[in-house]
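Asks: Spelled out from the first residue to the last, the chains are:
8 protein chains.
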Amino acid sequence: MSLISIISGSASDEQIVERTIRVLDEAGIDYDYQILSAHRNPDELDEYVKNSDSLVFICIAGLSAALPGVVASKTDKPVIGVPVSGTLGGIDALLSIVQMPRGVPVGCVGIDNGANAAHLAVKILAVAGKL
Amino acid sequence: MSLISIISGSASDEQIVERTIRVLDEAGIDYDYQILSAHRNPDELDEYVKNSDSLVFICIAGLSAALPGVVASKTDKPVIGVPVSGTLGGIDALLSIVQMPRGVPVGCVGIDNGANAAHLAVKILAVAGKL
Amino acid sequence: MSLISIISGSASDEQIVERTIRVLDEAGIDYDYQILSAHRNPDELDEYVKNSDSLVFICIAGLSAALPGVVASKTDKPVIGVPVSGTLGGIDALLSIVQMPRGVPVGCVGIDNGANAAHLAVKILAVAGKL
Amino acid sequence: MSLISIISGSASDEQIVERTIRVLDEAGIDYDYQILSAHRNPDELDEYVKNSDSLVFICIAGLSAALPGVVASKTDKPVIGVPVSGTLGGIDALLSIVQMPRGVPVGCVGIDNGANAAHLAVKILAVAGKL
Amino acid sequence: MSLISIISGSASDEQIVERTIRVLDEAGIDYDYQILSAHRNPDELDEYVKNSDSLVFICIAGLSAALPGVVASKTDKPVIGVPVSGTLGGIDALLSIVQMPRGVPVGCVGIDNGANAAHLAVKILAVAGKL
Amino acid sequence: MSLISIISGSASDEQIVERTIRVLDEAGIDYDYQILSAHRNPDELDEYVKNSDSLVFICIAGLSAALPGVVASKTDKPVIGVPVSGTLGGIDALLSIVQMPRGVPVGCVGIDNGANAAHLAVKILAVAGKL
Amino acid sequence: MSLISIISGSASDEQIVERTIRVLDEAGIDYDYQILSAHRNPDELDEYVKNSDSLVFICIAGLSAALPGVVASKTDKPVIGVPVSGTLGGIDALLSIVQMPRGVPVGCVGIDNGANAAHLAVKILAVAGKL
Amino acid sequence: MSLISIISGSASDEQIVERTIRVLDEAGIDYDYQILSAHRNPDELDEYVKNSDSLVFICIAGLSAALPGVVASKTDKPVIGVPVSGTLGGIDALLSIVQMPRGVPVGCVGIDNGANAAHLAVKILAVAGKL
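Residue numbers (UniProt numbering), protein chains in the order written: chain V, 1 to 131; chain R, 1 to 131; chain U, 1 to 131; chain G, 1 to 131; chain Y, 1 to 131; chain Z, 1 to 131; chain B, 1 to 131; chain H, 1 to 131.
Source of the hints: derived by calculation from the structure; they are not laboratory data. Ideal Cβ positions, reconstructed from N, Cα and C, are used throughout, including at glycine. Hints are supplied without guarantee of correctness; some may be wrong.
Here are the simulated distance ranges between beta carbons [as the list claims (entries may be wrong)]:
| id | chain 1 | residue 1 | chain 2 | residue 2 | range |
| --- | --- | --- | --- | --- | --- |
| 1 | V | Asp76 | G | Gly103 | 55 to 63 Å |
| 2 | V | Asp76 | R | Gln34 | 21 to 29 Å |
| 3 | Y | Arg22 | G | Ala27 | 55 to 63 Å |
| 4 | Y | Gly28 | V | Gly129 | 19 to 27 Å |
| 5 | Y | Met1 | R | Asp30 | 53 to 61 Å |
| 6 | V | Asn51 | R | Glu14 | 36 to 44 Å |
| 7 | U | Gly103 | R | Asp30 | 16 to 24 Å |
Here chain V stands alone, though its shape is the one from the complex (with noise of 0.2 Å):
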């Protein structure tokens, strides 16, 4: 059982993805790896984070980055999202991400930031006495 997984939207956020998996590893903790967009696997993505025992989400995506939001929207675990830069530099998905309605709460780190998001995740695992 993994404690945390990490659903990047595309095969081209790898670089940014394994800017995480470099703090879990170093950190010792176990995680799964998925490559689920929101928009282009939807149902895919729905069966896996139903399925998940995971106690914490890192969604990495770029654009129009619905990843983490749809995410939270399915479960009640806490939900990190990594905004991936692009012609905009990143702000489009910096925005998708943070801007959540009331009551699907996302935490956003920064734009191609997948360290802090791993780093996040494992003071949560901390609290959770996990580590």
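With chain V's structure known, arrange chains R, U, G, Y, Z, B and H on it following the hints.
Replies: Just chains R, U, G, Y, Z, B and H now, with coordinates in the frame of chain V:
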């Protein structure tokens, strides 16, 4: 059977919805209107979209406006998005709606411009010979 | 007779045009492609749009991207706009395309996302029973 | 015969138009004022510009402010654009007006600054020996 | 002992704080609330954070919103930041909160969205088995 | 005697200056070119502008591009500003040039668009009967 | 003899000026206040700055806020700039003030933050042993 | 004893630091340079600032650039901030540095403009009679 489905993400988008409805009413076009949030009602939304016979979907949403993109991922019909303005003047909703990944298109109209969503839907129905 | 007209404002938009064409080719849809600037060829553009039998217009333009709006003002057919990125990352073209006045709608897709313009056009043609 | 043509894209730009007119009145300069949208009245606009004897065109528009650029594409006379503020504070109209392609210049003044359009026109008329 | 510490940078953030408190009250969660500016009360803030037993910190701040980041640098507990809107619509506080350097994570929620900070904190406490 | 003065704020604006000169050369128009910063050479700039017989001033500057406005404050002749792009894509120079106070107009062209400054100047000279 | 010169570009900046003055009054520091626009009163401004004995200049301006930079180009004393908000929330004035070319520094404080300009000036006077 | 302290938030800001040092070296001014992050080394930073005899602090930082503000909260000496550009062109660091709350001033210079920080510091030292 309605030709057009209007979905708004929140009851607070009412004023923009009315601008859409007014244009459709003037054109004598049947529509169905639902308030369904991509984040708060994902399952109802999923069911509604998959069971709808509408030829065009108009999705009205503010903030991290995932609604149009989520609908576009669940239907083969054209989806039109209307960004609703808030603290940032609507630029957050605009980018969330328009910056979709390849393969899941949304046609975005101007901020708060519910009327133009209706006008664009009318043009599409005309091409389909449904007017 | 082509079902779709692709118009780009400048020969330098070629790369984005190709992304559009690739999707249409894969779908086996006939298109006509023209380079016509709203600013440099207003009369040819006017004549082309008014004489075209296309059911959907895809207009690709950067900077002060007036092309989609000008075409929308001259046809009853749906118009899809594709903003092309430049010094400002495409935010200039995006706002120029999407912020149309009421009554003259353009459905805007993402920056440089010629593929999604084609995908949206295909959805419209499907509704029209032309696929 | 008027020396200056003022064209606004919409009756709602009235307040900005008045600022322009006040400066011209104070300078004792004859002008002609029209409300003609580049998007809603393309043919009337075309006819007006081509038949006008004005030496300078002042075009006032908000949102996707195509008006100044469209006028500039139809006349050899200098065109001055005035962006009108809206939901986004006028940055949409500003970028739409100023980011013209090479060969079709518009001289843009500040957001809502109808007065400066008149002052710039007066400077041009002075150079032309028409004051 | 409180499970959550709410810190706002200024008494003027009161309205946003109330939205946070309302959610925690509804969930029946104990919290401690302090007004402590990272810039005006650095030593009190330092002492408060280091002596607190809270499991989650919610930091609410506008302008150059250093508060969440400074708190994150002084605790191993997860920190949630809430940007407060001002002249620039809150984009200044949003960027100040979210763009943290690697290793010092803050989970940022939407502008003025004190409710979502509380909702995210509740999710973290649930994972920790504290509800 | 030159009809047009081109002033750039820095030698690093050279590439943009060349685009301006090329258009003027093609039109066979005499110009004078100076590198004079509003900030580093205020007195030489003052003297140059006041002693110049040019009918139009083209001012090319980046960053906090005060040059066009300062020249406009010292001459009755029309001034055209060209914003030069840098770290922020030229939005800093654009706003610095275009947002002039009432009474001191600058006609701003697109970012890095030295060519359009020349084209606009040519239109003004044509109105003045100097071509 | 005043230790500090406050210059605002327009009488409409009065409210921001008052915030500056209040801080200086509380600190018991002598100041001189002038309304002098870099664009509308360049010669008076030049004369005032060159004849002033002030140790610090505080320049308050909106829009294309050239005032602080122009003053900085005419004095060896430190210059503090205060951007004043308008249609664009003050981002135009902020960029105009802060993005100065190398060699002509302005220390910019927050938008509409006249108080902080005074506080920074007080810190400079303290270093100079003038309090 | 150094007259000026230069603090950068990260070793990666080196290039901007060098621009600062070059100007100070040319002016023959003694400085002390430290790499101390407001977020990663809060205690060392606190100790350094409180024990320093420097008359001016120059703080260089990118992203959520809390460094200048944190230093300003711990010293009576003037603090100059230099925003460092990144994915968003430096607008994040600029807003983080300049938008300080009342009472804790930072004088911000242009993005990546380490040279101007030094020039401003030199002006302050000159006023203090330390050159």
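Asks: Any hints from earlier that this structure breaks? Give me their numbers in increasing order, please.
Replies: none
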